[in-house]
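Line by line, the protein sequences give chains A and B.
full-length UniProt numbering applies: residue 1 is where the first sequence begins, and numbers increase by one.
full-length UniProt numbering applies: residue 1 is where the second sequence begins, and numbers increase by one.
There's no promise every hint is true.
Unchecked claim - Subject to a maximum C-alpha distance of 25 Å in a straight line, what follows is the list of computed DSS-like cross-link-like pairs (lysine-lysine):
id	chain 1	residue 1	chain 2	residue 2
1	A	Lys404	A	Lys166
2	B	Lys101	B	Lys336
3	B	Lys261	B	Lys246
4	A	Lys404	B	Lys336
5	A	Lys101	B	Lys336
For the record, the hints were derived by calculation from the structure and aren't laboratory data.
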Amino acid sequence: MKKTSIALLTGLLSLTAQADNIAVVGGYVHTLSEQGSVNNATVLIRDGRIEAIGEGIEIPAHFRVIDAKGKIVTPGLMGAYTSVGLVEVGSSAGTVDASYKPQDFSKAGAALDVSYAINPDNSVVDVTRIEGFTLAATGMSSTHTLFGGQGAIISLGDDDNLVKAKAFMTVSVSNAGADDAGGSRAALWPQIENAIAEAQSLKGRALGPKDEWHGQLSKMDVNALIPVVTGKMLLVVDARRVSDIRQVLAFKARHPKINLALLRATEGWRIAGEIAEARVPVILDPEPNLPYAFDMLGSTMANAGRLDAAGVQVSIGVDTHNLRLATQHAGNAVANGLPWQDGLAALTINTAKLFGIDKDYGSLEKGKVADLVIWSGDPLEVMHAPEQVLIKGQPIKVESRQTKLRDRYLTLERDTPHQYMRP
Amino acid sequence: MTKQQQTGRLLLATLTMAVLAACGQKAEKEASAPLVEINKDPYPSTYQALPSPATLITNVSILDGLGGQIDKGSVLFQDGKIVAVGSDVDAPQDAIVIDGKGKWLTPGIIDAHSHLGVYATPDGPSHSDGNEMTKPVTAQVWAEHSIWPQDPGFRRALAGGVTALQILPGSANLVGGRSVTVKNLPGRTIQDMKFPDAPYGLKMACGENPKRVYGNKGGPATRMGNVAGYRQAWSDAQDYQRKWDKYTQEHKAGKNPTPPKRDLTLDTLAGVLNGEILVHMHCYRADDMGTMLDLMKEFDYKITSFQHAVEAYKIADRLADDQVCSAMWADWWGFKMEAYDGIRENIPMVHKAGACAIVHSDSDLGIQRLNQEAAKALGDGQRAGIDISKAVAWQWLSANPAKSLGIFDKTGSLEVGKNADLVLWSADPFSSYAQAERVYIDGGLAFDRQRPDSWPVSDFELGQPGEGDVK
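Chain A with its partners taken away, still in its complex shape (with noise of 0.2 Å):
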């Protein structure tokens, strides 16, 4: 038994070892690195990382070309706020590892670790990779707590898909944030701010189960904060109104070390220099444009490219079932005023850096993971879409279930019924 674990494990070792090296030629590369673009480029990819990207670069022997003349070729996409890998279907249909029904093992909601969770063979994956994306920040979506637990960076190539656990805690100080703490911001605060104490009390020590502990939340929960109030783990709030987003900046100013992006931030362009200044990231998406709230009403398609212009770094990326809209929601930001190049920023190297994880992942260049994506024309139009798109330096197969029931479907006419056509 052990022994062929052994094997298996070998094989797996030598079958990465002879993956192709692969060379990527003649595309429009849009490096969303200090290289900036780069016609009729190469991009040599060596053991899944990239080796050179450049005009002219001299093709090694045994590389594959992968031929990209009149492409556009850019980074793999980043979805910013999403589920993904966490709901199959969100209604009616079982269970949903991205929602919870609070307990008491954490009433906080601070506990929950979706990296347990994360199900490679969710069929969002393949629907949204086969569109470029190639990562996701994935987060519990529906909790009623005061926290909405830790989320996870994952990859959407075939394996190793944990790229980031706990890499963020998320937390609502909207309409939806106080309605879950009793119905008004006046008792929503007093609670983070509570949580917050409780977690620095601990000076970085978790709590083990013989410690005594006399605070509000479980031992769970203010442990699950500890990386949040030392700044390790990033805390996503989301705030709409301005007023909302002055009390997270007034937060930021009180907690220096606590590392946090905004989410939404609807009504953030009232503000755009303030938030800027205090270098805060905002992640959103440029669609929702009318007042369906109270604390929405200032919402415009406008907001992305007001702030990006006062400085403030933007991330666009949030849904799950079609995450891969999000180029289109980018472009419609660009209509709206954000400039392109930043409008594929927001997709790619903004989301990895407010992540953590654009050592690796965000731009092409060299020594960077090879996520990298082929596209017919521009990314951000809606009649383009990706060639090819390779994860970890490999090209995926483009396929999902949507397209094997589309090519079982092309033809209506058959001799013998549908099911017995495998596409």
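With chain A held as given, fit chain B onto it using these hints.
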């Protein structure tokens, strides 16, 4: 009070006017009472178009909405109607001339599926007026009696090039109630927006929603329960129709029949059986739609469109045979089981089978860029080898929805004599970056992107953060 007395009183009330009118000549013997007829338009349109001076848009790329494209063409319109379309159009001297260089001109977008006004923003119970979730068959309710014309969503849709839309009740019920087609010009009451002479629609729903809502409220709890519910409703409507037919015939024969008691639910259902009201049915799964195709034959009525029709691609040939339209999203999927098999090529695959394809929104965001929804579907179709041009694809946005709403004789294409409902786009509208620059409804300039001070602002947004901002 007995039922008969009740009926008598109602009848008395109904006839008071007629009796008063006839008061002068005192009846000597028991004359036949005046024929009781049901007013089919008790909430008539009070729509008034904006001024429509002679306007020539020239040197522009035209998609005529019928599948034709004219490069460097011109369109002339005046007094609400399209006067000329072509490569070489003469305009009156006083016409406003707009150089459309680099721009595109199309028929206005018509959204066959909206809940603007019945689920207005801000969200919340106060504005939740779209689903009469009190019993499974509520054909008696009319969406127009719920619509809040101050919903900011109407103005957003206008900026997206939407000139007309159908507003439907929600999909909680087997029979949800009447829909209404409106022009997207702001009004003080919904009657100000009603599309003159547009037929009524009836919203019905298949599948998961009704059984989820009523499963613990007396049923239906299953799909078979749903179907039993529709069948009973149609059977009741047939009975009602026969009673009224009998009454009318007896009256014509000089008898003095008692009119049947009016039933608002059955009025609407009978209106479908009479062919006056068009059925728009929310169905996702192919098998659900297949059952509905038989249901409509069993009770001899027509389903004009399936709404959402996420699996229409699986039975597109049969939809073509039975001439039922499918109003679809480009790419929504997975939010419930019956949406699990959604694919990006649904719209072009339905089109390819020769069936009527419509791009719809069912969303206050999607309605703002239906052109992009069509563009995505077109691109995905082309990549799957389905050869459709942009000009042909524009039918999904104007001609086909207009046909499904029974207003294609008035709008939905750029043809001489039709309403001048059109959009001047800043660029090729099959692009993420194109924006509706000018939107004309009946020849009146309803939206002009270049002049922010002219944009309509709903009462709700006056005096609020972001009033009159770019949205």
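Here is what the structure says about each hint:
1. A:Lys404 with A:Lys166: 35 Å, violated
2. B:Lys101 with B:Lys336: Not satisfied, since the Cα-Cα distance of roughly 45 Å exceeds 25 Å.
3. B:Lys261 with B:Lys246: 13 Å, holds
4. A:Lys404 with B:Lys336: With Cα atoms ~20 Å apart, Lys404 of chain A and Lys336 of chain B stay inside 25 Å; holds.
5. A:Lys101 with B:Lys336: 20 Å, holds
Going down the numbered hints, you'll see the structure goes against 1 and 2, while the others check out.
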